[in-house]
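Q: These protein sequence lines map, in sequence, to chains W and X.
Numbering follows the working numbering, with no gaps: position 27 of the first sequence is 27.
Every number in the working numbering is 1000 more than the matching position in the second sequence, counting from 1.
Read the hints as simulated data drawn from the structure, not as lab findings.
Computed from a prediction, not measured in an experiment: that's the story for all the values here.
Think of the CB as a built atom: it goes at the ideal place given N, C-alpha and C, for glycine as much as any other residue.
Hints should not be assumed to be uniformly reliable.
Straight line, CA to CA, 25 Å or less: simulated SDA-like cross-link-like pairs of lysine to any residue [claimed, not checked]: (1) X:1089 - W:182; (2) X:1089 - W:178; (3) W:174 - X:1097; (4) W:174 - X:1081; (5) W:174 - X:1082.
If we take Cβ atoms under 7 Å as the criterion, some of the chain W residues that face chain X in the derived model are [said to hold, decoys possible]: (6) 156; (7) 157; (8) 159; (9) 163; (10) 164; (11) 165; (12) 166; (13) 170; (14) 178.
Here are the in silico distance ranges between beta carbons for each label pair [claimed, not checked]: (15) W:250 - X:1141: 20 to 30 Å; (16) W:193 - X:1138: 28 to 38 Å; (17) W:108 - X:1078: 31 to 41 Å.
Each chain, letter by letter, is given below.
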Amino acid sequence: MNAMMAQPSTQRMMIGSVLLLIVFLAAWQWLPGLFGIPAFIIPPASTVWDEFLHMLANDRLVYHTVITALQVLAGFVLGVILGMVVGFVLGMSQAAEFMLSPYILALQIAPKVAFAPLFVIWFGYTVYPKILVAVLIVFFPVMINVLGAVRAIDPDIVRLARSFTASRFQVFWKVEFPAAMPPFFAGLRIAATLAVIGVVVGELVGGNTGLGYLLTFGEGAGNTAMVFVAIILLTLIGIVLYAVIVAIENRVLHYLPARARKIT
Amino acid sequence: MSAIRLEFRAVTKRFPAQRRGDAPVTAVQNVSFTVADGEVVSIIGPSGCGKSTLLNMGSGLDPATSGEVFVDGERVTRPNEHVAFMLQKDLLLPWRTIRQNVEFGLEIQGRPTADRHRIAEELLVKCRLQDFIHHYPHQLSGGMRQRAALARTLAVDPAVLLMDEPFSALDAQTKMVLQQDLGRTLADTGKTALFITHDLAEAIALSDRVLVMSQRPGTIIEEIKVDIPDRDNPMERRKSPKVGPYVSALMELLHIDQAAA
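If we strip away everything but chain W, and leave its shape as in the complex, we get (with noise of 0.2 Å):
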C-alpha cells in the first residue's frame, strides 16, 4: 500500500535530479562565458571534459587515480582497523582510556593534514607519507564512534550472557562487538570521505603520482581545466567509497527497524 502510493513519487523524484544535472551542465558551460569570466577562471564544461580526455592520452590519468585510489583505499583500511581496536580497548578498560586519553584528545585536536610535511621529511616521496596521514586522518571517527558504542552498552545485556556463564571473549564476540556496528558504520561513512582528504594533502605536499600532483600540476601550468579534472575523479573516488560503505552497512545492519521496514 504504502510502497504502490511511494512508487508515482520516487520516479517524479528522480526525472527532477536528472532534470537538475541537465540544467547544472549547462549553466556550467554557458553562464561563464555570458557575465565575462574567463576560461581559466572557470573552464566551461565542454573544455574540461575535452582536457579529461587529453589527460587520459597524454598524462598517464588512469595511472594516477589507481595510484590514488589505491592509497586512499590503504589509508582508510589500516586507520579503521586501528581505530576500531583501539575503541575497543578503550572501550573496554576504564585504566586504559583515563591513561591515554589525554594523548588522543591531543592527537584529535591536531590538525591531522599538518602532519604531511613531517611524514614526507621521514618516508620521502613515496606512498607511505600519504597513507599515514589518511590513516591518522580515519583513526579518530571510528575510534570514537566505537567507543561510545561499547560504553552504550546496557550493562544488564553483559549481565545477562556473564549469567549464561560467557567468557570474557564471548561477552566481547557476542555483545560488545556486534552492539558496536551501528555508531561504527556511522564512523566509517565519515572516515570515508576523510580518506580522500589525508592522501590528496599528501601528495600536494611532496611527489610526482596521483592526482594530487597533477592538481599542484594543472596549478603550476595554469591549466584550470587540468584542476578541475583531478577534483571531480578525487570526488568520484570518494563516492565510490563511500558507496561501498554504505551497501555493506545495508547488509551487516539489515536488523534495524528502518531498513528492515524498508525491505518488508
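Place chain X on chain W using the hints.
A: Here is chain X on its own, set in the frame of chain W:
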C-alpha cells in the same frame, strides 16, 4: 518433602559508601530461606529493600558480604549453569532473530547447533511464538518480547529461575496473559522459581509461598503460604475469594495504608 533447590543461608550484603565518611549501606541483612524443588516463591517488599540484590547474589553475579547461597547443594560463587535470570527488560539482542536470541545461552554454553535449534523451536512453540522464529525483536510487541525472554531463560534448562519483576513493564492485560503463560510453563516443566515483584496480586496468583521483606536493611519479616488451588492456572486463581484476604494481609505487613495516609 522434596529436595531443596535454592537456599539462602544468613546472607548479608553491604555496599561500600558512595562518599567518603558515609557508613556503608546494608542492603540485605541476615536473610535465610529455602525454595524446594518445583516450588515457586515470591519476594515482595518496599522499593529499595534489596530484593534485586538477593537475585544478583543468587545468580552468582554479586558475591554476598557474608552468608552463603546454595543451588542444588552447591555453593554459588560465580555464574553457573544451574541458574538463569530474567529481568523487567527483555534484554533481547536486536541483531539476533528471536530464535537466535533464545539460543543465546545455549550458544555460550557451547551446545551443538542442531540441539540449539531443536530446543529453541520447542520452547518457541510453547511460548506461542512459532510464527515469529525468524523475526527480529523490534518486530514484536512488548508481551511477545518478554515471552521470548522467558523462552531464552528456559532454554538453558536451569534448576532455578530467578525473575526480577519480569512483567512490571507490561500493560495490565498483557501482564495477566504472561502470568498465565508463566504459571502453566512452570507447572509443566516442574521448574523451581524465585520471583521478585511488587505486585501483591501477582505474587499471590503465581506462588506457593510469599516472603515479605522489610525496609532497608532488608530482611524477611514474614512468610505466607498461599493456600489456594490452581497454582498452574493464575487466571483461575485470581478469581478465588481467598485472594482478597491475602492481599489485605500483605498490605498490612507492608504498611501500605500508612504510606498513603
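Q: Against each hint, give a clear statement of whether it holds in the structure.
A: Against the structure, the hints come out as follows:
A C-alpha spacing of about 21 Å is found between residue 1089 of chain X and residue 182 of chain W, which places the hinted pair at or below 25 Å, so the restraint holds. Under the criterion of a C-alpha separation no larger than 25 Å, the hint pairing residue 1089 of chain X with residue 178 of chain W is consistent with the structure, at around 19 Å. Using a Cα cut-off of 25 Å, the hinted pair residue 174 of chain W and residue 1097 of chain X holds, with the two alpha carbons roughly 14 Å apart. The suggested pairing of residue 174 of chain W with residue 1081 of chain X holds, with an alpha-carbon distance near 18 Å, which does not exceed 25 Å.
Between the alpha carbons of residue 174 of chain W and residue 1082 of chain X the distance comes to roughly 21 Å, so the proposed pair stays at or under 25 Å and holds. Here the hint on residue 156 of chain W is kept, as its CB sits about 6 Å from the closest CB of chain X, short of 7 Å. The interface hint given for residue 157 of chain W holds, since its Cβ lies 5 Å from the closest Cβ of chain X, which is under the 7 Å cut-off. For the restraint placing residue 159 of chain W at the interface with chain X, the shortest Cβ-Cβ distance is roughly 6 Å, inside the 7 Å limit, so the hint holds.
For residue 163 of chain W, the suggested interface contact is upheld, since its CB lies about 5 Å from the closest CB of chain X, less than 7 Å. Interface hint at residue 164 of chain W: satisfied, since its Cβ lies 4 Å from the closest Cβ of chain X, which is below the 7 Å cut-off. A cut of 7 Å between beta carbons decides the hint on residue 165 of chain W: the least distance to chain X is about 5 Å, and the hint holds. Interface hint at residue 166 of chain W: satisfied, since its Cβ lies 5 Å from the closest Cβ of chain X, which is below the 7 Å cut-off.
At about 6 Å, the closest approach between the beta carbon of residue 170 of chain W and any beta carbon in chain X falls short of 7 Å, and the interface hint on this residue holds. Hint status for residue 178 of chain W: holds, given a least beta-carbon distance of 5 Å to chain X, under 7 Å. Taking 20 to 30 Å as the suggested C-beta distance range, the pair residue 250 of chain W and residue 1141 of chain X conforms, at roughly 26 Å. A beta carbon spacing of about 30 Å between residue 193 of chain W and residue 1138 of chain X agrees with the range 28 to 38 Å that was offered as a hint.
Distance hint check: the CB atoms of residue 108 of chain W and residue 1078 of chain X are about 39 Å apart, consistent with the given range 31 to 41 Å.
Hint compliance for this structure: no hint is broken.
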